[in-house]
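The primary structure of each chain is shown beneath.
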Amino acid sequence: MPVLSDQIRERIQGYIPRYPSKQAVTLPALHIVHDELRCVPTEAVREIAELLDLAPAEVHDAMSFYEFFRGKDDKLGTTRLWVCRTLACALRGADDLLEHCSKKLGVPVGGTTADGKITLEFAECIGACEGAPAVLVNDEHVMNVTPDRADELIEQLRAK
Amino acid sequence: MPYEPVLLARVNKPDSHRLEGYRNDGGYTAFELVLKDRKPEDIVTQVKDSGLRGRGGAGFPCGLKWTFLPKDHPGPIYLCVNADESEPCTYNNRILMEKDPHQVLEGIMLACYAIKSRTAYFYIRYEYGTAFRTLQSAIDELYAARLLGKNILGTGFDLDIFLHRGAGAYICGEETGLIESLEGKRAWPRIKPPFPAVEGAFRKPTIVNNVETLACVTHILQRGNDWFKSLGVPPDPKNPRDAGSYGPKLYTLAGHVNEPKCVELPMGVTIHELVERHGGGVWKGRKAKAVNPGGISMGFVDCNAPLKGEDGKTEYDIPLDFNGPGKVGCLGLGTAAVTVIDDQTSMVDVLHNTCQFFSHESCGQCTPCREGTGWMLKITDRIRRGQGRREDLDILVDVADRIGIIPGTTICGLADGAGWPVKTAIRKFRHEFEDAITTGRKSVIKSLPVAAH
Chain A
9 MPVLSDQIRE RIQGYIPRYP SKQAVTLPAL HIVHDELRCV PTEAVREIAE
59 LLDLAPAEVH DAMSFYEFFR GKDDKLGTTR LWVCRTLACA LRGADDLLEH
109 CSKKLGVPVG GTTADGKITL EFAECIGACE GAPAVLVNDE HVMNVTPDRA
159 DELIEQLRAK
Chain B
215 MPYEPVLLAR VNKPDSHRLE GYRNDGGYTA FELVLKDRKP EDIVTQVKDS
265 GLRGRGGAGF PCGLKWTFLP KDHPGPIYLC VNADESEPCT YNNRILMEKD
315 PHQVLEGIML ACYAIKSRTA YFYIRYEYGT AFRTLQSAID ELYAARLLGK
365 NILGTGFDLD IFLHRGAGAY ICGEETGLIE SLEGKRAWPR IKPPFPAVEG
415 AFRKPTIVNN VETLACVTHI LQRGNDWFKS LGVPPDPKNP RDAGSYGPKL
465 YTLAGHVNEP KCVELPMGVT IHELVERHGG GVWKGRKAKA VNPGGISMGF
515 VDCNAPLKGE DGKTEYDIPL DFNGPGKVGC LGLGTAAVTV IDDQTSMVDV
565 LHNTCQFFSH ESCGQCTPCR EGTGWMLKIT DRIRRGQGRR EDLDILVDVA
615 DRIGIIPGTT ICGLADGAGW PVKTAIRKFR HEFEDAITTG RKSVIKSLPV
665 AAH
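Note that the protein sequences, when read in sequence, are chains A and B.
Reading the first sequence from the start, the letters are residues 9 to 168 in my numbering.
Reading the second sequence from the start, the letters are residues 215 to 667 in my numbering.
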């Protein structure tokens with residue numbers, strides 16, 4: 009049984025005409041799989057490679073470079089919550105915010121709550137510096153996150 | 215008279231991101247006129263003569279870059295739009311993409327016409343999800359209006375714009391790192407030459423331009439070179455290599471200011487004026503101690519250090535044009551992202567934070583950068599923990615001096631950007647570091663558990 013559904017395969021193949029080389033579809037393919045499966049299992053790496061006429065090692069090489077994609081053993085939760093730690097946020101309380109979120113969620117940085125709802129991460133500058141300290145909820149900015157605001161946000165994400 | 219913004223003119227309008235509003239405000243008329251009446255070479259010449267320099271960090275003359283493409287190339291030629299905006303404290307491109315994407319897209323369309331490109335890859339960092347979706351709907355609007363696709367406006371000009379998402383790596387903002395990433399490989403910068411204009415994406419001639427640079431192209435073709443050159447700072451007559459600092463610029467304010475925000479001004483505003491007048495001053499009634507003039511990789515300005523030969527002025531008064539920051543030992547204007555650090559903040563902690571960033575973001579290709587950024591992080595970390603050694607400051611400066619393209623030990627400039635904050639912090643705030651070492655004073659350090667994966 010293949011890991012990638014027909015629907016995922018079609019979406020990946022839809023990217024092929026955009027580029028003069030199939031290898032350029034590597035990142036879009038990894039994003040599609042990662043979004044859907046919350047990780048990129050080794051079997052999926054092999055299947056992506058087959059779709060793109062690549063060696064699995066080529067796909068894995070790109071994938072592992074970014075530190076963004078998770079393997080099967082550390083699957084992401086429903087929501088990935090990134091707390092920015094770079095200078096603009098650090099000057100406005102990012103360290104406290106990250107510690108607060110870690111305690112509130114009861115997980116280390118990089119960990120996922122037991123109910124599988126939230127994965128906590130630190131991020132390097134997310135480009136939301138006018139609203140420091142800021143977080144990313146998957147790929148959307150939330151700005152001016154006080155500890156109270158973080159608690160509210162976490163409650164909302166838990167209810168999802 | 216206060217300056218009337220051009221790049222940010224539309225950002226507060228309702229539905230500023232929609233095609234209809236943009237067209238009602240005169241959008242795409244420059245593109246239509248250029249497509250019907252002007253030759254590509256003519257546009258390259260105009261942009262070259264406008265004096266537009268790249269807004270992404272290096273400040274390379276935009277039109278000159280375009281002329282490096284091989285003449286009469288059979289194609290394809292590619293435009294890569296650099297929207298990997300990852301320099302800490304920089305968010306000007308995000309504002310343009312989220313609030314007024316069509317002026318950026320019009321600039322891309324004009325640039326593609328000028329350089330005879332039929333395909334633009336718009337490389338956008340993953341963290342900008344809102345901008346990504348806003349741009350995708352703006353591009354969809356353009357295809358529906360037949361302003362993109364085949365035979366645009368019946369002129370025979372074809373153009374596709376494809377968005378391509380990154381995956382959280384600072385190095386993808388380096389133009390050849392971006393190209394490698396686009397090609398589906400690890401984003402290791404390439405040795406230059408060949409420069410991308412000769413051999414870039416998919417081994418074809420490629421121009422990589424920043425988002426704000428392309429937005430400027432739109433306005434240059436709408437308003438003309440006289441307008442562009444009426445703003446900013448002309449070349450320094452004493453420096454024959456200075457290409458001037460013309461045009462409007464988006465400055466982003468961050469850190470300890472009362473109103474962190476993106477401000478558009480003619481090039482050359484002083485840091486002092488930007489912070490005090492436009493940013494509402496330093497927060498909590500405090501004073502500014504240090505400032506990064508253009509992202510953290512440009513190093514630090516010491517707000518209290520007197521400027522030589524300028525009575526009563528300090529480094530806080532330097533102009534933010536392409537030359538200003540360099541005159542006080544910074545690497546350059548960079549992205550014009552201004553981070554203010556107040557007088558209650560430890561420079562040891564600030565420098566540790568910058569070292570942490572570069573150590574995390576070094577791509578690992580060149581040993582001096584991979585190892586050097588790690589060493590600088592370790593040393594600043596032990597100084598923070600009250601375990602600094604007397605020789606540490608000299609070691610830090612020594613490492614910072616030896617990594618980068620300026621000493622000639624690495625392929626790209628990431629290491630220069632990692633070294634500059636170290637060199638400038640230690641040179642300008644040495645007493646703070648010495649004090650931390652001799653007293654063994656500890657910073658407040660969070661011991662956060664981190665999951666292994």
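Worth flagging that the hints you see were computed from the coordinates, not collected in a lab.
All figures in this text were calculated on a predicted structure; none of them were measured in a lab.
Note that CB positions come from ideal geometry on N, CA and C, so glycine has one too.
Hints should not be assumed to be uniformly reliable.
Derived DSSO-like pairs (lysine-lysine); straight-line CA-CA distance at most 27 Å [stated by the list, open to error]: (1) B:262 x B:501; (2) B:660 x A:111; (3) B:399 x A:80; (4) A:83 x A:112; (5) B:522 x B:541; (6) B:418 x B:443; (7) B:475 x B:313; (8) B:522 x A:83; (9) B:475 x B:452; (10) B:227 x B:253; (11) B:522 x B:498; (12) B:364 x A:30; (13) B:522 x A:111; (14) B:406 x A:30; (15) B:443 x B:399; (16) B:592 x B:498; (17) B:330 x B:364; (18) A:125 x A:83; (19) B:227 x B:285; (20) B:330 x B:253; (21) B:250 x B:262; (22) A:30 x B:313; (23) B:406 x B:475; (24) B:262 x B:498; (25) B:418 x B:406; (26) A:125 x B:660; (27) B:253 x A:30; (28) A:111 x A:80; (29) B:501 x B:418; (30) A:30 x B:330; (31) B:443 x B:313; (32) A:112 x A:125; (33) B:660 x A:112.
Here are some, though not all, of the chain A residues that point toward chain B, as calculated from beta-carbon distances under 8 Å [what the hints assert, rightly or not]: (34) 11; (35) 47; (36) 94.
Hint-by-hint comparison with the structure:
no.: 1; hint: B:262 x B:501; verdict: violated (41 Å)
no.: 2; hint: B:660 x A:111; verdict: holds (12 Å)
no.: 3; hint: B:399 x A:80; verdict: holds (22 Å)
no.: 4; hint: A:83 x A:112; verdict: holds (20 Å)
no.: 5; hint: B:522 x B:541; verdict: holds (10 Å)
no.: 6; hint: B:418 x B:443; verdict: violated (33 Å)
no.: 7; hint: B:475 x B:313; verdict: holds (14 Å)
no.: 8; hint: B:522 x A:83; verdict: violated (57 Å)
no.: 9; hint: B:475 x B:452; verdict: violated (35 Å)
no.: 10; hint: B:227 x B:253; verdict: violated (34 Å)
no.: 11; hint: B:522 x B:498; verdict: violated (30 Å)
no.: 12; hint: B:364 x A:30; verdict: holds (23 Å)
no.: 13; hint: B:522 x A:111; verdict: violated (50 Å)
no.: 14; hint: B:406 x A:30; verdict: holds (25 Å)
no.: 15; hint: B:443 x B:399; verdict: violated (40 Å)
no.: 16; hint: B:592 x B:498; verdict: violated (32 Å)
no.: 17; hint: B:330 x B:364; verdict: holds (14 Å)
no.: 18; hint: A:125 x A:83; verdict: holds (11 Å)
no.: 19; hint: B:227 x B:285; verdict: violated (42 Å)
no.: 20; hint: B:330 x B:253; verdict: holds (10 Å)
no.: 21; hint: B:250 x B:262; verdict: holds (21 Å)
no.: 22; hint: A:30 x B:313; verdict: violated (33 Å)
no.: 23; hint: B:406 x B:475; verdict: violated (36 Å)
no.: 24; hint: B:262 x B:498; verdict: violated (45 Å)
no.: 25; hint: B:418 x B:406; verdict: holds (15 Å)
no.: 26; hint: A:125 x B:660; verdict: holds (25 Å)
no.: 27; hint: B:253 x A:30; verdict: violated (34 Å)
no.: 28; hint: A:111 x A:80; verdict: holds (25 Å)
no.: 29; hint: B:501 x B:418; verdict: violated (51 Å)
no.: 30; hint: A:30 x B:330; verdict: holds (24 Å)
no.: 31; hint: B:443 x B:313; verdict: holds (26 Å)
no.: 32; hint: A:112 x A:125; verdict: holds (13 Å)
no.: 33; hint: B:660 x A:112; verdict: holds (15 Å)
no.: 34; hint: 11; verdict: violated (20 Å)
no.: 35; hint: 47; verdict: violated (11 Å)
no.: 36; hint: 94; verdict: holds (5 Å)
Against the hints set out earlier in the document, violations occur for numbers 1, 6, 8, 9, 10, 11, 13, 15, 16, 19, 22, 23, 24, 27, 29, 34 and 35.
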